[in-house]
Structure formats: structure tokens, C-alpha cells
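Chemist: Take the given structure of chain A and dock chain B to it, following the hints.
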Amino acid sequence: MTIGIEHILAVSGLLFVIGFFGVLLRRNTLVVFMSLELMLNAAMLALVGFSFFNATMEGNVFVLFIIAVAAAEVAVGLAIIVALFRRRHTVQLEELVSLKG
Amino acid sequence: MVDFFFYLFSAFTLACGLLVVLSRNPVNAAVFLILTLLGVASLFVMLQAYLLAAVQVLVYAGAVVVLFLFIIMLLDVPESARKRFKPAVALAAGLSGLVLILGVGLLVSGAETAGPEAPAAGVGADLKAYGEYLFTSYLLPLQVTGFLLLIAMIGVILLSRKPSAAADKEPAEAKTR
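Which chain is which? The protein sequence lines are A and B, in order.
Quick note: the first sequence, position 72, residue 72 per the working numbering, numbers continuous.
Quick note: the second sequence, position 9, residue 110 per the working numbering, numbers continuous.
Isolated chain A, as found in the complex:
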């Protein structure tokens, strides 16, 4: 296999950049949250790549933890979004500006 770690890092970095732009530019809270998941997946891909090419288990075990924490994070985050929607009747970020100075 001629795939090196640089290929994995390139894919992971590009996926991270895509998620990053999604977080910055999208205005729907749910889509922003999905873009966050993309960034998390990019980090996971990089960890698995490091683990594979260095023949260690640490990265794989970290990814297992990341998946567990991400599942908890999504549950709490979506509950917060639902609570927000009940109170403000919108999930558009440009309408949620109460904290804006």
C-alpha cells in the first residue's frame, strides 16, 4: 500500500476545513451542529491514521472514547436546541442575538 500518513492527514484536514466553514457560515443551529460532528470525525480519522502508521493502540482507544463522548454531546446539544426552540420559536442563529452588545 503506497498510501502514507500524509494522505490520511490531507483527507482529515480537508474534512475539518469543510466542517469549519459549515460552523462559521451556516445559520441553522442544527446544520452548525452537524458541521461540528464533521470536524470531530476529521479528528477521529487523523487519530486512527496515526495509530495505524505508528503501530500503537492509543489512537484507536481514544477514538472509542471520542465516539462515546460525541454521542453524549449530541444528546445534550439537541436537548438544548429543543429547549431553545420551545422558548424562542426559532433555530436561526441570526435571530438569537439577545447577548449581542
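Hints are computed from structural coordinates only; laboratory data are not their basis.
Here a beta-carbon is modelled for each residue, glycine too, at the ideal position from N, C-alpha and C.
Any given hint could turn out to be false.
[Claimed, not checked] Now the stretches of chain B that chain A is said to cover, found in silico as 3 or more residues with beta-carbon under 8 Å:
(1) 107-118
(2) 132-144
(3) 154-161
(4) 166-178
(5) 190-198
(6) 231-241
[Claimed, not checked] Here are the computed distance ranges between Cβ atoms for each label pair:
(7) L84/A to L207/B: 32 to 42 Å
(8) V76/A to G163/B: 17 to 27 Å
(9) L84/A to F106/B: 37 to 47 Å
(10) A55/A to S210/B: 15 to 25 Å
(11) L96/A to L123/B: 21 to 31 Å
(12) L99/A to G211/B: 38 to 48 Å
(13) G195/B to E58/A: 28 to 38 Å
[Claimed, not checked] Some chain A residues close to chain B (C-beta under 8 Å, calculated; not the full set):
(14) E6
(15) V31
(16) F52
(17) A83
(18) S98
Modeler: For chain B alone, kept in the frame of chain A given last:
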């Protein structure tokens, strides 16, 4: 052959990731998110992390995205209108994106010279190793993660109660105590 599949899966993952960000309907975005996660899972298989690929499909593509879809349907969010970005936001996004891409480029070109060779058999393929690591070196993080899941569960139950019902209930409970 392996290279071909790597490029195929990478292109698939990145294209679907781009569509998550670009699609205007949140339901479409969620479905493309499933495809992206499946693409990442296939890349995990190529890196011989078979357990992680299975967990990725079960937990991420199965549970997490279904939760997303469920909430999207529940809130009935309309399609986002096409609006122009504020110049400040666009400038900040462009600049920081440029810095990120530059960083990735530097990292990748640097790794090309120092990157280790691909081993014949990945250590991630061995299921026993996961159990060994989880229950010896990573026992404390494992327990903390379990506790975190409990906290998240309690938090979600508290958050998703109806605010009015909670306000009515709490004084009543206080009285009975």
C-alpha cells in the same frame, strides 16, 4: 487496488461532507451526514480499525444521525433562505479557512519526509487489544466516560421537561417535603 479504493472513499467522504454544509434543507444535510460517516467508517476499514468502523456505523450513523433527523422533524425547521453573508463574517471565515488550509498543507508536506512506513498488519485489527487497553491503562477514563453518559442522561431528562410543568411541579414537591 487498495490505493484506488482509498481515493474513491476519500473523494466520497469529502464530497458528502461538502454537501452536508451546502444543502439548504436540514433533512438533506442529515442524510448526507450519514453518507459522510459511512465514508469515514470505510476509511477506518482501510486503516484496519474494524471495531471502530462497526462502532462508527452503529453509534454515529445509526444513533446520532437518527437523533438529528428526529429533532429536525420535531422542530419542523423551514429551509434556510438564501441570504448574503455579513462582510465581517465572510472575511473572518475566509481568513481563518486560509490559515487552516495552509496549516494542513504544511503538515502534509512535512509528513511526507518523516512519515513512517505502513505496517503489514495494523494493531487496530486485534479486538483483544482494545479490551486489554480499556481495562488496564485506560480503566479510569473508561469509568469517567460511563459517569459522563449518566450525567448526560440526567441532563437531557432535566432539559427536555416542559418548562411550565417544571415550574408548577417544583413548589408542589417542595411543599410535600
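Chemist: Are the hints correct? Go through all of them and say.
Modeler: Structure-based check of each hint:
1. For the segment 107-118 of chain B, the assignment as covered by chain A holds, since 5 residues bring a beta-carbon within under 8 Å of that chain's beta-carbons and 3 suffice.
2. Coverage of the segment 132-144 of chain B by chain A holds. Counting CB-CB distances below 8 Å, 5 residues qualify, and the rule asks for three or more.
3. Look at the segment 154-161 of chain B against chain A: 4 of its residues bring a Cβ nearer than 8 Å to a Cβ of that chain, three or more, so the hint holds.
4. Judged by the Cβ-Cβ criterion of 8 Å, the segment 166-178 of chain B is covered by chain A as claimed, because 7 of its residues qualify and three suffice.
5. Restraint check on the segment 190-198 of chain B versus chain A: 6 residues with Cβ-Cβ distances below 8 Å, three needed, restraint holds.
6. Using a Cβ-Cβ cut-off of 8 Å, 4 residues of the segment 231-241 of chain B lie near chain A, which meets the minimum of three, so the contact claim holds.
7. Distance hint check: the CB atoms of L84/A and L207/B are about 39 Å apart, consistent with the given range 32 to 42 Å.
8. For the hinted restraint 17 to 27 Å between V76/A and G163/B, the CB-CB distance of approximately 19 Å keeps it satisfied.
9. Range check, L84/A to F106/B: about 42 Å between beta-carbon atoms, so the 37 to 47 Å window is met.
10. For A55/A paired with S210/B, a C-beta distance near 24 Å keeps the hint of 15 to 25 Å intact.
11. The hinted range of 21 to 31 Å is satisfied by L96/A and L123/B, whose Cβ atoms lie roughly 23 Å apart.
12. The supplied range of 38 to 48 Å is met by L99/A and G211/B, whose beta-carbon atoms lie about 40 Å from each other.
13. Distance hint check: the CB atoms of G195/B and E58/A are about 36 Å apart, consistent with the given range 28 to 38 Å.
14. Using the Cβ-Cβ criterion of 8 Å, the hint placing E6/A at the interface with chain B is satisfied: the shortest such distance is roughly 4 Å.
15. Checking V31/A against chain B by beta carbon gives a least distance of about 5 Å; that is within 8 Å, so the hint holds.
16. Using the Cβ-Cβ criterion of 8 Å, the hint placing F52/A at the interface with chain B is satisfied: the shortest such distance is roughly 4 Å.
17. For A83/A, the suggested interface contact is upheld, since its CB lies about 5 Å from the closest CB of chain B, less than 8 Å.
18. The interface hint given for S98/A is violated, since its Cβ lies 17 Å from the closest Cβ of chain B, which is over the 8 Å cut-off.
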